[in-house]
Amino acid sequence: MECTITTFLLCILVFFLSLNSTAVEDIIRANETVGDGSVIVSSGGHFELGFTSIGTSTNRYVGIWYKKIPKKTIVWIANRETPLNTTSGLLILNSNGNLVILSSSNYVVWSSNSSTSVNNPVVQLLDTGNLVIRDENDKDTENYLWQSFDKPGNTFLPGCKLGWNLETGLERYLSSWKSEDDPSLGEYTNRIDRNGYPQLLMRKGFALHSRAGPWNGVRFSGTPNFKANPIYRFYFVLNNKELNYYYELLDDSVSTRIVLSPLGSVQRWVWIEKSQSWKLYLTGPTDDCDRFARCGAYGSCNINRSPACECLNGFEPKTPKDWNVADWSSGCARKVNLSCADGEGFVKHSGLILPDTQRSWFDRNMSLDECKRLCFKNCSCTAYANTDIRGSGSGCLLWFDELIDIREQEENGQDVYIRMAASELAKKGRSKVRIIIIPILLTVIAMLGACLWVIRKKRKCREGIRRHYFDENWGIGNGDEDVELPFFDFSTLANATNGFSTNSKLGEGGFGPVYKGMLDEGKEVAVKRLSKNSRQGLEEFKNEVSCIAQLQHRNLVKLLGCSVQEGERMLVYEYMPNKSLDLFIFDKNQRNKLDWPMRSYIINGIARGLLYLHQDSRLRIIHRDLKTSNVLLDHDMNPKISDFGMARICRETETGAETTRVVGTYGYMSPEYAIDGIFSVKSDVYSFGVMLLEIVSGKRNKTFSHPDHSLNLLGHAWRSFTDGNVFELIDEAIAQSSQEYEFEVFRAIQIGLLCVQQYPADRPTMGTVVLTLTSKIPLAQPKQPGFFIERKLREGESSSPSSNYLSVTTMVPR
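Reading the sequence shown from the start, the letters are residues -24 to -1, 1 to 790 in mature numbering (1 follows the signal peptide of the UniProt record, and there is no 0).
To be clear, the hints were calculated from the coordinates, so they are not data collected in a lab.
The reader is advised that the hints may include incorrect statements.
[Said to hold, decoys possible] Here are the in silico distance ranges between beta carbons for each label pair:
(1) Asn61 x Lys564: 41 to 47 angstroms
(2) Asp345 x Lys255: 44 to 50 angstroms
(3) Val230 x Phe182: 34 to 40 angstroms
(4) Asn474 x Met574: 31 to 37 angstroms
(5) Asp684 x Asn72: 32 to 38 angstroms
(6) Asn474 x Leu428: 34 to 40 angstroms
(7) Ala302 x Leu428: 46 to 52 angstroms
(8) Glu156 x Lys499: 54 to 60 angstroms
(9) Arg340 x Met574: 18 to 24 angstroms
(10) Thr144 x Asn61: 31 to 37 angstroms
(11) Met494 x Ile207: 49 to 55 angstroms
(12) Asn95 x Asp228: 32 to 38 angstroms
[As the list claims (entries may be wrong)] SDA-like mimics (lysine to any residue), calculated; alpha carbons at most 20 angstroms apart, straight line:
(13) Lys564 x Met574
(14) Lys324 x Glu346
(15) Lys353 x Met342
(16) Lys137 x Asn215
(17) Lys43 x Glu249
(18) Lys569 x His611
(19) Lys44 x Leu102
(20) Lys217 x Arg340
Here a beta-carbon is modelled for each residue, glycine too, at the ideal position from N, C-alpha and C.
Construct all of the structure, not just a fragment, from the sequences and the given hints.
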């Protein structure tokens, strides 16, 4: 009698069902099939793999549980999202090394998706509880083709690693069950966030729920109960290849596990043989102060205090009325704002759990003194601390935003040094020093007066030299206003760049070449040398000097100085080691380094920098040449807007103007500006929207091509959005990983389309853009974008990216 493959498998199923609970070998080889009703694989001493039900549910799952613990305790489930609703499931390892769960109708319920093909694949359950697929002939027994420890579910076992493989981009994290009877994906995740200084974060959906903080050399700073014990030891690894933590048992006879509960509690359980029960050893979060940002910015939480929240010294509640009714979410504000003036310094706060580090910077090799000096030099730096508390402390951690999620923990807390205004430091000093010796004071005053006289005389000399060069050589002197910018000698910059050698050259644009330089004090800089044939002439040079010299924001490139000697015009910037954004998102290899969280971080940084230009800076500035090549990336991939040669300064009451000289880059210019010469803050919003869609898609707007139509990227994005097929727009490099952040990606695309609408009045302001990027408030439906036209390419014309994608200056008749 002839049998189909389905009949053959069902025949095998009947055979194994007759076995009831008889165990088979400790491995499954290719094309071996096992049905529901049997223990499939045993690790020998500790774990078993088989079909099982959970709680009161009748659904069937393939799971792993403890072998010798009478109360079935499941530690991993394969098909947690796709259960079987009958007892006729099959598990098979095919010849390609792929582990598959089949329903009775031969429908694939779950697959390991192990892509590497081998000749002799086997499945093995290790004593650690790790289910692995490997080549039976491979002598390296740890060379796994796939392993369950890469998808740990809700349980963290000894030997399993949580964190990141930085070479492959693989992330391992805990995700809660929906309920005790339903192992499908719940609301909570517990994962290592690698933005800024890595820390362990708990999220409820997309919202931050609680924070274990960064590793401080001994434990995660927000978990004081992580102490040395006779049961287990934790390890934290951070290098170029991996970022993870794991724990190992000090006594193999102990059974312990960490579980993320459906209610968002991280629990460590230990099996007590005497009572034949699991005992709760540790749990977190422990109290109300563990809730993320419970007291807002600069608010400190102490659960033993009433009320629990209190502003740090030198700060006061932003909204006192709310604080009086125990609503502390608005946080605290400085009594005296920082101004980067002389006299600012740092106040030491002891016994604190480190604030949120998502927007921080770190160097694990610096000393605390070096850290202080580095923070002091940067006006945006708000606080610093050690990364490692062992011994006398080491490493440098800098904050550049408001300090959020601070908790007092005297026994296990750390020292944090917070930047304060000079007047606040003086108050603190007066509270300590009651008696001032008059002779010493007079001596200090006399010495200070002498120093000020010398400094003033030298400053006048330098200003005279600067005005001489600016006025006589280039006519940049503007009468009453002075250019507050350091002046570099030509010889200094020539030495720094090895005589502007080819080896020091970083790149070249329409303005001229850019060189990497090293100043005498060891500071790396980028030197923009305007060529004599540059489209950026004297006006653009003067414009950039007067514009960017007065701006201070972490998402704007910092201009360090300029030079106008020897018939040259040069600008000196802070050095950006990762160069420009376009070199990442439009390169097929580099784009893989930008996952969605990093792209989202870059988008938000650009938006905040642009908001500062439009609204928060002392001057209202319209950039007029925003594009991906004008967004630079520092060592930590922080985006910084650059190239202000085309920028225009407006009065506080102005939002735009009109010109007959249209400047910018085709593909980024708004319709009203490119056609009529009318520019405004909404012109920059349009350019930002183009960049946002380019970052999501990995494609240039201007040179975008599609086999089904001749629209540019904006037209394609609009068509995909209206057709409900935005997946088609997402860059293949993040398509798979972006599914986890589907809401964020789709929302970003919609915001991008709102920014590129045809009419300026329909576009949001950057204030609205920043708000919508960082919240879940409802969004308007976008209207048709500007330049929504079918392009007709001439015969033989290629739609491939142009190698000359530079700024242009065009005269438009009025």
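Evaluation of the provided hints:
1. As the Cβ distance of Asn61 to Lys564 is approximately 44 angstroms, the hint placing it in 41 to 47 angstroms holds.
2. For the pair Asp345 and Lys255, the beta carbons lie near 47 angstroms from each other, so the given range of 44 to 50 angstroms is met.
3. For the pair Val230 and Phe182, the supplied restraint of 34 to 40 angstroms holds, since their beta-carbon distance comes to about 37 angstroms.
4. Evaluation of the 31 to 37 angstroms hint for Asn474 and Met574 yields a pass: the beta carbon distance comes to about 33 angstroms.
5. For Asp684 and Asn72, the hinted distance range of 32 to 38 angstroms is satisfied, since their beta carbons lie about 34 angstroms from each other.
6. Checked against the hint of 34 to 40 angstroms, the pair Asn474 and Leu428 passes, with Cβ atoms roughly 39 angstroms apart.
7. Against the hinted window of 46 to 52 angstroms, the Cβ-Cβ separation of Ala302 and Leu428 comes to about 50 angstroms, which satisfies the hint.
8. Distance hint check for Glu156 and Lys499: the Cβ-Cβ separation is about 58 angstroms, which falls inside the suggested range of 54 to 60 angstroms.
9. Between Arg340 and Met574 the CB atoms are about 21 angstroms apart, so this pair conforms to the stated range of 18 to 24 angstroms.
10. A beta carbon spacing of about 35 angstroms between Thr144 and Asn61 agrees with the range 31 to 37 angstroms that was offered as a hint.
11. Roughly 52 angstroms separates the CB atoms of Met494 and Ile207, a value that falls within the hinted 49 to 55 angstroms.
12. Take Asn95 and Asp228: their Cβ atoms lie about 34 angstroms apart, and the range 32 to 38 angstroms holds.
13. With a CA separation close to 17 angstroms, the supplied pair Lys564 and Met574 stays within the 20 angstroms bound.
14. For the suggested pair Lys324 and Glu346, the alpha carbons sit about 16 angstroms apart, so the restraint of at most 20 angstroms is met.
15. Restraint check for Lys353 and Met342: satisfied, since their Cα atoms lie roughly 15 angstroms apart, inside the 20 angstroms limit.
16. The suggested pairing of Lys137 with Asn215 holds, with an alpha-carbon distance near 15 angstroms, which does not exceed 20 angstroms.
17. Of the pairs offered as hints, the one joining Lys43 and Glu249 holds, with about 14 angstroms between alpha carbons and a cut-off of 20 angstroms not exceeded.
18. For the given pair, Lys569 sits about 14 angstroms from His611 by alpha-carbon distance, which is consistent with the 20 angstroms threshold.
19. A distance of roughly 15 angstroms separates the Cα atoms of Lys44 and Leu102; the hinted pair therefore holds under the 20 angstroms criterion.
20. Between Lys217 and Arg340 the alpha-carbon distance is near 16 angstroms, which keeps this suggested pair within the 20 angstroms criterion.
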